[in-house]
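> The residues making up each chain are set out below.
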Amino acid sequence: MSEQHGKPTPSPRIGLFFCECGPNMGNAIRLDDLAAQEAWPEAAVVQRHAFLCAPDGKAKLAEQVRTQGLDRVVIGGCSPHEHEATFRQVLADAGLNPFLLQMTNLREQCEWQGDDDGQATVRARGLVRGALWRAAQQEAVETRTVEASADVVVIGGGMAGLSAALTLAQKNRRVALVERSAALGGLLARLDEVFPSMKCASCFLEPAINQVLDHPQIDVLRESRVVSVKGFHGQFTVEVESAAPAVDPSRCMGAGECAAACPVSFPDPLDEGVGQRKAIGMAYSGSLPHVSHVDPVHCGRCNGAGCDGPCVQACPMNAIDFQRAPVNRTLTCGAVVVATGMETLPVPAVPGVISCVQLERMLHPQGPTSGKVTVPGGGVPRRVVLAPSSEMPARDTDLARRELTKLAVRLLDVCEGVELQLAGDCHQATLAAPMIEQLRAAGVAFSSGALDPATLVPTDNGVSYRRAGKLASTGTADLVVLWTGTRPSSTVGELARDLHVRTTAEGFLEADVDLLVPTGTRVPGIYVVGAALGPRPLGDVVRDGTAAAGRILSTRLPGERLELEPLAARVIPERCGACGVCVTACPYGAIRTLADGKCRVEPAHCRGCGTCAAACPSLAIACPQFEYRQVSAEISGLLAMEGTTRSH
Amino acid sequence: MEIQKIDAVGLRCPHPTLALSNATQKTAPGTLVEISGDCPSFEKDIREFCQKKKKMVLTVNGKAPLLTIQIQF
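Protein chains in written order, with the working numbering: chain A, 1 to 648; chain B, 649 to 721.
Extracted from the complex, chain A is given alone in its bound form (with noise of 0.2 angstroms):
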């Protein structure tokens, strides 16, 4: 190592501090001699305190740094974890930049590990030193603010996001809800009545739809992704990409003459393919905003298939242009609420047996069915077994209850005469008391257990099962109506990789641990509402996004100023040699590459965290406090020799 690398300059007044913190230091450390002034050339001033952090000793701190012209303070003491903070304040008190203090923890790595033959006075010199030539090469860093955004953006328009979504806004918030789907209203706009009101699902839907449609605060953005999420809670980032938009739904009045004139026909996956759809129009009857949309996997003009577009001519509002390119937004936000919802697992494919949503699909009046629930080879059912699979995940057991409870009263309204069965111990659904009440005055038989999927067997009458459980039986019926279960909505892996938010062992989103703090994440600024942390009955979800809107109204504020992280990393351009490795090392997304290559570390996305610079082959990025030239100074303190000073 060179003579001159790492060595104290002669102009930096530095202010050598020990704190004996009371009872706990000088035991094992010899702070006699340690605190000699003669010891240490290197520093202005050397002064030992009983209690550095206490009032009079903060005092005293801060008067040495005015009166003696000090431009860099090294305390020995505790860990900078516990006091760091405390002793950066007194240095800006005293009108230092608080970047200019070098802590070293003498307590916890020499004092409390013991004195070995005097060996913690040597190790405890051999820190200071470090510490001293480090303090040298400090400099100041300056601490920026930007201000805080108030906006939020709610990831999800299922029921959850809408209900945050209308909070916010209704309090002046900006709200941007990104919708996957071309339409509002995630699994409730699937559904015939809601549990235990047994209101229409539409009725109590379709207003809370039309009010975050229509309101000047809210934008929403259909068939669109968060493709990323950066930043911190008052200044995130959030690139959003929307689907090509093939119809123009300002000129769209939902006529469906498209529809007509699609050729491609495909089951409709709204309704798990009860009924049919086309490649373009209204994603279901009433889909809310009432506009087609164009299905790009099955549109023979997207998917290459080739089709002349008879949709084009069609329309008569001149609505349709397959030129128009994907849009790619950035929106800045202070908050966001993932709303991601669950979707449902998909039944065996043997006739007769439904799923849930399927049977929903059939009872609603403005269904593919028209509200008639049919068997296989047509006709009304007369023995209709509800159930839950054997392999539904036991989390999904009291929503399962109360839809199927409620899919049984349904079916007596509608099937006159018919004879149920309802499985799953359905009896003990919470808030069911009136409704299993009624199915049982009607002479529904109940019973426990669940259907084995793989017993399922068609037979001439019908449907055979075996329902598990100590009480097994088997039996026949013309509808089998199973609840399969849940999962996490499909994307919502990677959106949690993104926000750093932790999932559980199915993949739902985990809210933080602390109950003062309902939907809240690990992550501030970041919450998670609805059937994105689990299978959720429709109370519970209004309720969360309820929750986190006002979380989001009493925290930051419009026109609030943040910190940013004082300690952001900083690439040398003309180092850089634009390999990108430190692209994919920083777990923020902090970094990204400019035009010609080289790589740039966004400030206000930086939580100076140090991968980066950790990560570069060519020592291109520099971290404040933690540059080569301060870590090697301190390593050749650490290292010289006992007794040498480098005093030149």
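You may find that some hints are simply not true.
Pairs of lysine-lysine residues, derived as DSSO-like cross-links and limited to a Cα-Cα distance of at most 27 angstroms, are as follows [stated by the list, open to error]: (1) K692(B) x K653(B); (2) K711(B) x K653(B); (3) K653(B) x K700(B); (4) K692(B) x K711(B); (5) K60(A) x K700(B); (6) K60(A) x K703(B); (7) K674(B) x K703(B); (8) K60(A) x K702(B); (9) K674(B) x K653(B); (10) K701(B) x K60(A); (11) K230(A) x K598(A); (12) K701(B) x K711(B).
Hints in this document: simulated from the structure, not taken from any laboratory.
Following the hints, complete the assembly by docking chain B onto the known chain A.
Using the frame of chain A, we list chain B on its own:
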């Protein structure tokens, strides 16, 4: 140096903080107080108390949940 010791082991919050508050009613500024406790929120509660009362936490020692916290009054 004289240390005032308080045993709050076995007490659930807010009792450790109350014990600290009660036992230090007449404690002179500068005195060193050492409190031991094993409530899961012991460290958090004591730190909050000290912040409110402008007392300095010096050390937190031990293995959770049994911790000893030194405070300068």
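> Mind listing which of the numbered hints don't hold for this structure, in increasing order?
Violated hints: none at all, because every hint is consistent with the structure.
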